[in-house]
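Student: Below are the chains, spelled out letter by letter.
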Amino acid sequence: MKTALFASVAVVALAAFGTPAAFAQSRDTIQIAGSSTVLPFASIVAEEFSAVFPEFKTPVVGSGGTGGGLKQFCEGTGDNTIDIANASRQIKEAELAACTAAGVTDVREIQFGFDGIVFASAASGADFALTPAQVYKAIAAKVYVDGALVDNPYKTWNEIDASLPNQPISLAIPASNHGTREVFQEKVVTAGFKASEHPEGLSDDEVKALETTFRQDVVIEISGDYTETLARLNSDKNTVGVFGLSFYEQNTDTLKVATVDGVVPSKESVAAGEYPVSRPLFFYVKGQHIGVIPGIEEYVQFFLSEGISGNGGTLEAAGLIPQPAEKTAEVLAAFEAGAQ
Amino acid sequence: MAIDIQTSPEKASSDRTALIRAGLRRRHLNEQIFRGLGIAAIVIALGFVALLFVDVFRKGIPAFVQSNLHLSVTFDEAVIGSDPVPVRGDFVSDAEYTAANLKWQRDLAMLNWNKIVEASLRKAAPEGFEIDSKQIQTIPETNARHQIREMFVANPSLLGQTVDVDVLASANAANWIKGNIDRSLGDGQQQLSPPARQLIDTFVDNGTISNGFAWTIFTNVDSRAAPASAGLLGAFVGTLWMMLIVVLLAVPIGVAAAIYLEEFAPKSRITDLIEVNINNLAAVPSIVFGLLGAAVFINWFHLPISAPIVGGLVLTLMTLPTIIIATRGALMGVSPSLRQAALGMGASKTQMVFHHVLPTTFPSILTATILGVAHALGETAPLLLIGMKAFVASVPATPFDQAAALPVQIYLWQGNENRNFFEPRTAAAIMVLLAVMILLNGVAIYLRSRLEKRA
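Keeping their order, the protein sequence lines are chains G and U. At the far end of the first sequence sits residue 340, using our numbering, and the numbering has no gaps. At the far end of the second sequence sits residue 795, using our numbering, and the numbering has no gaps.
In case anyone wonders, no lab produced these hints; they're calculated from the structure. The structure presented is a predicted model; accordingly, all values stated were derived computationally and were not measured. The beta-carbon is built from N, C-alpha and C at its ideal position, and this holds for glycine as well. Possibly wrong hints are sitting among the right ones.
Said to hold, decoys possible - Below, a list of computed lysine-lysine pairs in the DSS-like style, where the Cα atoms sit at most 27 Å apart:
id, chain 1, residue 1, chain 2, residue 2
1, G, K327, U, K474
2, G, K267, U, K474
3, U, K399, G, K256
What the hints assert, rightly or not - Reference listing, derived: stretches of chain G covered by chain U, where coverage requires no fewer than 3 residues with Cβ under 8 Å from a Cβ of chain U:
id, stretch
4, 54-66
5, 70-80
6, 217-226
7, 247-257
Whenever a hint applies, use it, and build me the whole structure from the sequences.
Tutor: The structure is reproduced here in structure tokens:
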């Protein structure tokens, strides 16, 4: 009896207490998490980084969406928290406050390029030429028709506008854990609300409710990756999905892209500022981990180098829209200057 | 039905026989219907398994073929330059030498090795073939330049020489060659430019590109920069570490707990409660263990994120009840005469258990362990919650290093943007995982039959 008891106690003790002791030394791998839009870019940089800097281990890149990544980022400092959060939108005040409360006081923002958000449908389906106002009318729960607020009456796209195809409305949009959702809300829905019929003098709360309440029967919220959106489109050919431009560009054989305000989304039209639904991409660095986890500074410098995120760099080939070199220089200088 | 006793004995006898025959026919019919239903059930079940296998194999087998580019590469001095290689003798200390060597390597890494790759591709292309630099670069996989640079780092005397090198064709080139992308689609829907597609077809015809078995799936780690070179090695080693931890922890703890509960613990309310809880634990959804793992092992014990040690501990918790229940069952099945004989010969209770009872239960414990491990092997949900779904491009040297795991790798590849290339890759990864599971189950069956014969 004693033998068995001792054996089990010893093993449990080893499992529970022996292992953390063995992990007393500091982590030597950069740990990154966040936006699934930024993930492919960050992963490519991680691999190239380890090729150029053989003295550092390959950074580990996780996903979880911008919100999920920033939540992990703001959990605190130390080995078991991530060093860098990828984000497809800017950090919110509330998130920054959560960071500060947990002791993450040195948050350095790195903007490294742009991405477009596109509407795409099955390649075999009809062509779409959308405007933000049409998208707003398709998905809002209540809309103004002839001055009266009514439950959304539109069932097919051509009921909204005769130029659109006669096809039932169904739209797959990213769920709120994705930064893409924020941009979709701001650049499409809010812009669409402003451009469509509504009475003057609504209070801010009323506007917010009108802008953010969607019809649940036609809107599909996708919390997973773009492949999940793609699967939705494959199972229902009538669905229009919201994708990142870089994802669409890698799947042009199965997807057909919609124009927005008459502009075809492409790297060129986003870079020129013609395509309306675009956003800057970011990652956030935990300043307190610089010098503790080896390689963070080098990773940031390498990420922002001409050959990686610049014009004609590795990331452009993977679908990133580079930002002007002056902006990059500015971002790098701010990073190196330290906490603001 | 009453039998008419007034009729002749012959008549009565034949009536009775007819009655029995009718009853017999009905019973036979019932049996046949039941057998038919049983066979139908088996056919349906096997049909689904066959459907799954056929689907996975149909999709996955093409992924085991990779397209190789045979190039003759010139290590052009005009690109590489002629910086001298640091030699240990020139430096005072090891640290200085290491620093100089790293700087030399970094300077090399910053060079445009794509120029060398491009030159060798142009050499292989037909005379006067028109294709611009950007287009021709889409044919080889992006890691070709690293491969050539690493050759040079390992052997700097290659400067100025021309050697034959095999590099991978890019994922999009492989899609085009294998027909993963519809070849009849227009230019706008193709990933590759018309000249690149034409050159690839020329290369296939003249033997510059040939297909071979994709060993890279087994020898490479995951890659996003060079998708055609993405492999399972990192995930496989990660899984191996986790399974090692599961076996090392779950078996001793599980067997010890089972022996104590079955042989030593007094039968009381408390042991009843423990028993009920162990049975409940076996039915807890695996994702709950993941949440527990994230809360306890990562946030409280400060174990690293995305590491096999945490995955192993979580899967141990999941496997424990299986092993405890199986071991208790086996102990219960040992005949009382064996125990009484041992006790009668003056053995202590501990001796009785460890010398006589436990050895006879080895086959069952072993089977339970292997089946538990096979179950843990395919478990994905808890691993997603402890950060093991991160992109890791290295092989974990210890259980404390960041790693992926086989089922998670399937999940990650399923989500990759290059659908045409990664759909087959995902199916190939499933095939590897299934093969490992079938192997484990096969070993379990073999060992059980062997050990049972001996016992």
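Student: Does each hint fit the structure? Answer for all of them.
Tutor: Quick rundown of the hints versus the structure:
no.: 1; hint: K327/G - K474/U; verdict: holds (25 Å)
no.: 2; hint: K267/G - K474/U; verdict: holds (16 Å)
no.: 3; hint: K399/U - K256/G; verdict: holds (25 Å)
no.: 4; hint: 54-66; verdict: holds (count 8)
no.: 5; hint: 70-80; verdict: holds (count 3)
no.: 6; hint: 217-226; verdict: holds (count 3)
no.: 7; hint: 247-257; verdict: holds (count 6)
Violated hints for the displayed structure: none, as all numbered hints are satisfied.
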